[in-house]
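For the protein sequence lines, the chains are A and S, in the order given.
So that you can map any letter, position 253 of the first sequence is 253 in full-length UniProt numbering, and since no number is skipped, the others follow by simple counting.
So that you can map any letter, position 54 of the second sequence is 54 in full-length UniProt numbering, and since no number is skipped, the others follow by simple counting.
No lab work stands behind these hints: they were computed from the structure.
Hints are supplied without guarantee of correctness; some may be wrong.
The list cannot tell twin chains apart, which means a pair is met if one copy fits it or any two copies do.
Here are the simulated lysine to any residue pairs, SDA-like style, with alpha carbons at most 25 Å apart [claimed, not checked]:
#1 LYS309 x TYR141
#2 LYS264 x ALA195
#3 LYS244 x GLY270
#4 LYS148 x LEU109
#5 LYS326 x SER232
#6 LYS86 x LEU42
#7 LYS77 x SER158
#8 LYS86 x LYS351
#9 LYS309 x LEU111
#10 LYS309 x GLY10
#11 LYS77 x GLU40
#12 LYS41 x CYS271
#13 LYS309 x THR104
#14 LYS185 x THR98
#15 LYS148 x ASN69
There are 2 protein chains.
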Amino acid sequence: MAESFPMNGGDGTYSYTNNSQFQKQGSDLAKGMIKEAITEKLDTEISGTFQIVDFGCSVGPNTFFATENMIEAVKNKCILQGLDSKNMEFQVSFNDHTENDFNTLFASLPLDRQYHAAGVPGSFYRRLFPRASINLAYSSYALQWLSKMPDEVSDRKSAAWNEGKIHYSGSPTEVVDAYADQFEKDMGVFISARAEEILSGGLMVLIMPGIPESAAHLPYSAGVLFNFLGSSLMDLAIEGIIDKAEIDTFNLPIYFPSDEEMRKVIEKNGCFSIERIELVNPMSQVNGVVNLDSLIMHLRAGMEGIFTKHFGYDVTEKMFNKTLSKSEEILKLLESGHFNSTQLSVVLKRK
Amino acid sequence: MAESFPMNGGDGTYSYTNNSQFQKQGSDLAKGMIKEAITEKLDTEISGTFQIVDFGCSVGPNTFFATENMIEAVKNKCILQGLDSKNMEFQVSFNDHTENDFNTLFASLPLDRQYHAAGVPGSFYRRLFPRASINLAYSSYALQWLSKMPDEVSDRKSAAWNEGKIHYSGSPTEVVDAYADQFEKDMGVFISARAEEILSGGLMVLIMPGIPESAAHLPYSAGVLFNFLGSSLMDLAIEGIIDKAEIDTFNLPIYFPSDEEMRKVIEKNGCFSIERIELVNPMSQVNGVVNLDSLIMHLRAGMEGIFTKHFGYDVTEKMFNKTLSKSEEILKLLESGHFNSTQLSVVLKRK
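This is chain A alone, in the form it adopts within the complex (with noise of 0.2 Å):
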């Protein structure tokens, strides 16, 4: 069964819901190109009951954005293609794991929204709707997060024993490529599920960091964050307040594709045609200087829970504050512009 490392719950100051503009200056991006697809490229009946389903949601509000969007734009494709869009209702799923806080997403739905919502519980490494239900799928800063941390990484025995660290970022091949094919397990497995789920004719859109292939083994800007998150951990180590040997068993479950492994994975599978597919980088885009502090917010509102569950809420509070402490020499390396920060976008239609 897959693992389940929620967001922050509640509204509070580390919470997801008050941590989590990073993600959305992704969606904004991507606003435009799910506009386009959806006008262009959605082909599956407009009448009777539209479901459109987001695949890891979190606790919003983000993901009320994202829905209420794509929502605007099949309500205008239908004006646009003089289509009668008069007995058509929407039904909007937020899915994610089950230990994800619900009763705070549900307790934030809009008021005035003009769709019927349900909670979908469960990992998305599986099926979760029933059979050519869903018309519109959608999934935001959510694919990084792997089933799990794969075996060998922690395995000392194994080649790709990542010691002292706690993610691939700058790790030997060996630690990369396990990475690379539990990603490539993992995505098989949604993309085969969703393929069931999807009506003919529906799309599918995803969002997530990637990478340049050609920068598969360089730092990008979240490795070197988790870097620094590993390295104050071994600061900790070094005191005496840890052992070495938790750090050498906990590996962050995320990884980083390019696009060319999406690719490869999607066209495996062939239930689906590659409509659209994109590296962007969406810092190129934001004005002004990196707030390194916000950017180390977000991080903790994402996964604190993953770190306490492992190393207890002491060290993970230990840990947060001393990379906290180390600003400077992070904005630094960040600023010094040898690091990739790239958005994967891909639009997906069911064959």
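Here the structure of chain A is known, so what remains is to put chain S in place on it, guided by the hints.
What follows is chain S alone, placed relative to chain A:
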């Protein structure tokens, strides 16, 4: 907008999860009836997705037993009638107020479930699902909750003012009538919403506490308990712990209709045929004496929220403790046999 009074969440001493055996007795009684209804009356197409909805599901586990039973019955029907159910998939949607503890509900979903699960937040006194999307609707011990307390009963200028009491049981006709009007209005809205959502040939099974027409103005077992809660509150007013005005402005939005009242609403709507409507006494089939402590615990699990909202936690705690100390008195009244405790069961078929 309908008010919401969720059952106690979590799985602690006073949780609904651990205090819903009485509701389970009620639905066990209905099990045979539901099986028969599915076998003989259900008339939607058996192919593709088969959607079952539990309206007012609370946090389990009763809703899981009930929905599993319904799925078994549908599968048996297919076998008996030689229907090909190979391609059929079950979707079970769990509905309750947005404030219901969906996190607990989702965490306790059976791991080996044979259906796709979804949670649908919102009052069932409005539309919740797309048109013609439900094959089988179910509601057990939820429809006694009105959408709100009738306005008149807390209005000191009205003839229906329910002074010093928290429920209509044993109150003047005007009070009972105000409650009856609210029920008629609410149930009318419920039936209309479901008429749009249920497929032609689909079934709706409703189970709730009810009373024989002739007993409308007599107290019945739940009413006796409500009156004891009310008199405990009055004790607290006499002790100066709360203001009597607080009691005068509070009335439980709970109504136990007769079969005739229910029939009237359904016939007025006109979209459903009544396949069965009956009153039974679940207690008569339970061996042994009533365990009053557990009956009061069960009341508390279901009703603590609404009292806390109005009176605060301390007063609510004191009220339940005071009522527990009156156990002997309550038991004597309950066992005198002058009280009715009946279950109203209804099977409707969408025309």
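Do the hints match the structure? See the list:
| no. | hint | verdict |
| --- | --- | --- |
| 1 | LYS309 x TYR141 | within (21 Å within a copy, 39 Å between copies) |
| 2 | LYS264 x ALA195 | within (16 Å within a copy, 47 Å between copies) |
| 3 | LYS244 x GLY270 | neither (44 Å within a copy, 71 Å between copies) |
| 4 | LYS148 x LEU109 | between (30 Å within a copy, 22 Å between copies) |
| 5 | LYS326 x SER232 | within (9 Å within a copy, 61 Å between copies) |
| 6 | LYS86 x LEU42 | within (18 Å within a copy, 30 Å between copies) |
| 7 | LYS77 x SER158 | neither (54 Å within a copy, 54 Å between copies) |
| 8 | LYS86 x LYS351 | between (27 Å within a copy, 23 Å between copies) |
| 9 | LYS309 x LEU111 | between (35 Å within a copy, 22 Å between copies) |
| 10 | LYS309 x GLY10 | both (18 Å within a copy, 21 Å between copies) |
| 11 | LYS77 x GLU40 | within (9 Å within a copy, 44 Å between copies) |
| 12 | LYS41 x CYS271 | within (16 Å within a copy, 39 Å between copies) |
| 13 | LYS309 x THR104 | both (21 Å within a copy, 19 Å between copies) |
| 14 | LYS185 x THR98 | within (22 Å within a copy, 37 Å between copies) |
| 15 | LYS148 x ASN69 | neither (32 Å within a copy, 35 Å between copies) |
In this structure, the hints that do not hold are numbers 3, 7, 15, in rising order.
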